[in-house]
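Residue numbers (numbering that gives the first Met the number 0), protein chains in the order written: chain A, 0 to 269; chain D, 0 to 269; chain U, 0 to 55; chain W, 0 to 55.
Some hints here could point you the wrong way.
Sample of chain U residues facing chain D (criterion: CB under 7 Å; computed from the structure) [stated by the list, open to error]: (1) Glu7; (2) Glu9; (3) Glu22; (4) Ile23; (5) Pro40; (6) Pro47; (7) Glu49; (8) Glu51; (9) Trp53; (10) Gly54; (11) Glu55.
Pairs of lysine to any residue residues, derived as SDA-like cross-links and limited to a Cα-Cα distance of at most 20 Å, are as follows [what the hints assert, rightly or not]: (12) D:Lys201 to D:Glu187; (13) D:Lys165 to A:Ala21; (14) D:Lys127 to U:Thr15; (15) A:Lys230 to A:Thr58; (16) A:Lys165 to D:Ala24.
Worth flagging that the hints you see were computed from the coordinates, not collected in a lab. Every residue, glycine too, gets a C-beta built ideally from N, C-alpha and C.
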Amino acid sequence: MANTIVIKLGGTEGVDFSAICADAAELLRQGRQLVFVHGGSAEANALGQALGKPPKFITSPSGYTSRYTDRQTLEIFLMAVNGKVNSLLTEQLQSLGVNAFGLCGLDGRLMLAARKDAIQSIENGKRKIIRDDFTGKIEHVEAGLLEMLLAAGCLPVIAPVAVSAKGEALNVDADRAAAMVAVALKAETLVLLTAAPGLMEKFPDESTLIHTLPQARLSAALEMAQGRMKKKVLGAEEALQGGVEKVIIADGRTEKPISAALAGAGTLIQ
Amino acid sequence: MANTIVIKLGGTEGVDFSAICADAAELLRQGRQLVFVHGGSAEANALGQALGKPPKFITSPSGYTSRYTDRQTLEIFLMAVNGKVNSLLTEQLQSLGVNAFGLCGLDGRLMLAARKDAIQSIENGKRKIIRDDFTGKIEHVEAGLLEMLLAAGCLPVIAPVAVSAKGEALNVDADRAAAMVAVALKAETLVLLTAAPGLMEKFPDESTLIHTLPQARLSAALEMAQGRMKKKVLGAEEALQGGVEKVIIADGRTEKPISAALAGAGTLIQ
Amino acid sequence: MNTVTCTECEAEITLTDNVEVGEIIVCPECGVDLEVTGLNPAVVQLAPMEQEDWGE
Amino acid sequence: MNTVTCTECEAEITLTDNVEVGEIIVCPECGVDLEVTGLNPAVVQLAPMEQEDWGE
Ligand SMILES: [Zn+2]
Ligand SMILES: [Zn+2]
Chain A
0 MANTIVIKLG GTEGVDFSAI CADAAELLRQ GRQLVFVHGG SAEANALGQA
50 LGKPPKFITS PSGYTSRYTD RQTLEIFLMA VNGKVNSLLT EQLQSLGVNA
100 FGLCGLDGRL MLAARKDAIQ SIENGKRKII RDDFTGKIEH VEAGLLEMLL
150 AAGCLPVIAP VAVSAKGEAL NVDADRAAAM VAVALKAETL VLLTAAPGLM
200 EKFPDESTLI HTLPQARLSA ALEMAQGRMK KKVLGAEEAL QGGVEKVIIA
250 DGRTEKPISA ALAGAGTLIQ
Chain D
0 MANTIVIKLG GTEGVDFSAI CADAAELLRQ GRQLVFVHGG SAEANALGQA
50 LGKPPKFITS PSGYTSRYTD RQTLEIFLMA VNGKVNSLLT EQLQSLGVNA
100 FGLCGLDGRL MLAARKDAIQ SIENGKRKII RDDFTGKIEH VEAGLLEMLL
150 AAGCLPVIAP VAVSAKGEAL NVDADRAAAM VAVALKAETL VLLTAAPGLM
200 EKFPDESTLI HTLPQARLSA ALEMAQGRMK KKVLGAEEAL QGGVEKVIIA
250 DGRTEKPISA ALAGAGTLIQ
Chain U
0 MNTVTCTECE AEITLTDNVE VGEIIVCPEC GVDLEVTGLN PAVVQLAPME
50 QEDWGE
Chain W
0 MNTVTCTECE AEITLTDNVE VGEIIVCPEC GVDLEVTGLN PAVVQLAPME
50 QEDWGE
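Bound conformation, chain A alone (with noise of 0.2 Å):
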């Protein structure tokens, strides 16, 4: 729909929720269509060390870093990222007038994803591979359901949960989800919000901040790009090849973070 705009909030990294929520309200208000997608991965590791059961991250021989989500961690995830984070943006929504839906991938499989069916670690000098970790990539969003959400006037709120074609709940990045979502429902414009001013040419360096990006140079700002902005640019590169329009990465930590978003603030790519 070539209204909607789809939000990514980013976990716990000074993102100022409630602002995001209040400027919802009034983008509503305006006959703007909204999505929310969240996070939650600081949540869940909270939860996780409050009950005896830290995260875990497995770096494989070639230098990549994987949270492990074993059958115990997924559960501790569940609660902090459905019950928690889910459950307590929809009601912060509900308290400013916001007819709010929360769900997950789980819920008449929104979001089907393909389990990793393999991790590779070392272990005392040895290569071994891990079979039980409970992520996934997102391979098809059900964009009925969501459709079927924003006419009843809904807002979704959509938690970084997926179904396995086996049916099991699967973590997913929510970065990703969030482009995965804005291209199944066509939509105009994906707002990455996250506690940075946007994409810098010289992290972490704020007057390098880069105020357009064409979607050519995106494999360019993938190889520049730290940590977790490399999934950032990698849904933004998703979006944009699924027909996303335009897709803003701006900073969640601001007064009207989405209207200034709109109005120019942080990177744009398109």
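Assemble the complex: chain A is given as a structure, and chains D, U and W with the ligands must be docked to it using the hints.
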């Protein structure tokens, strides 16, 4: 909808979720329309214990015992009930090929409740009022949302969380939530699955199982019922008064608990 | 010494020194339950009725 | 002593005594990565490719 059956699944009272899910899959193949409502107080208590915030119960001057749900307890309740019980039940149904859709009363304002404004308690011999309690009594169920999900081929799985007029999340009783859902949907049957064979004349003597109970005898049954069973009888009364044809209180620990209840097991109230 | 006026019968009630906000006192004249909602100055209102448990 | 056959080049490979299920060995003939999926009897299969992180 005349064909609809609302099923309440008890928390962790020995009720066999996998048998219930398998039975539901079979009933759906036979053309039945189902809605699940689940509990979760035991899961919430366990999570609270693990996080150093054990459940707090308050006894009022005249002897009512209430679970005290302050803000922190509410957040633990949301994690346990929305994030764990609801997500895992939805996952289990999805893995059986049932297109389950998990939601709670916050989502699209599915269940609107009055927030309890005060609890009376006795502390050091003084009678006191506690006002930061987040429990509620359901006043409205938005049937249209459930009908929309049913029409989309989904099995709604509802967590016992409602929204207040101000948009706050509230802990609500699952038996009575199930009754309100059944009334709103004009369901034919409400099945309350529990860890007992049904209502007993002399609890816990199972040989005194009551097979049928006319609606007129419900107030007498309410006097007789013990503990949690009181809420089920209250729920049954609310459902019948609201136009549900029959309520069955039946054993959730058996092979095919729903089919058995429909075939005459448990206590039939009508 | 804190005094309050009963909201039901307008009796003057003297509060004890150790009274707390949130405490329920009984009016000695009419017997109604009053909730102490403030102490400086002292304020009372009709106490909410007792209710059964609503939550899960 | 456990021996296995490379699934790619059919070379006979002798496993060391301390080999574990899940371990990746490299075929000395063709250089492919093989995952040990069983030990009694010893079985290997082509190891899955390394992948970037997928989760949140
Ligand atoms: Zn008085
Ligand atoms: Zn070989």
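TODO: Could you tell me which of the hints above the structure violates, numbers in ascending order?
DONE: 1, 2, 5, 12
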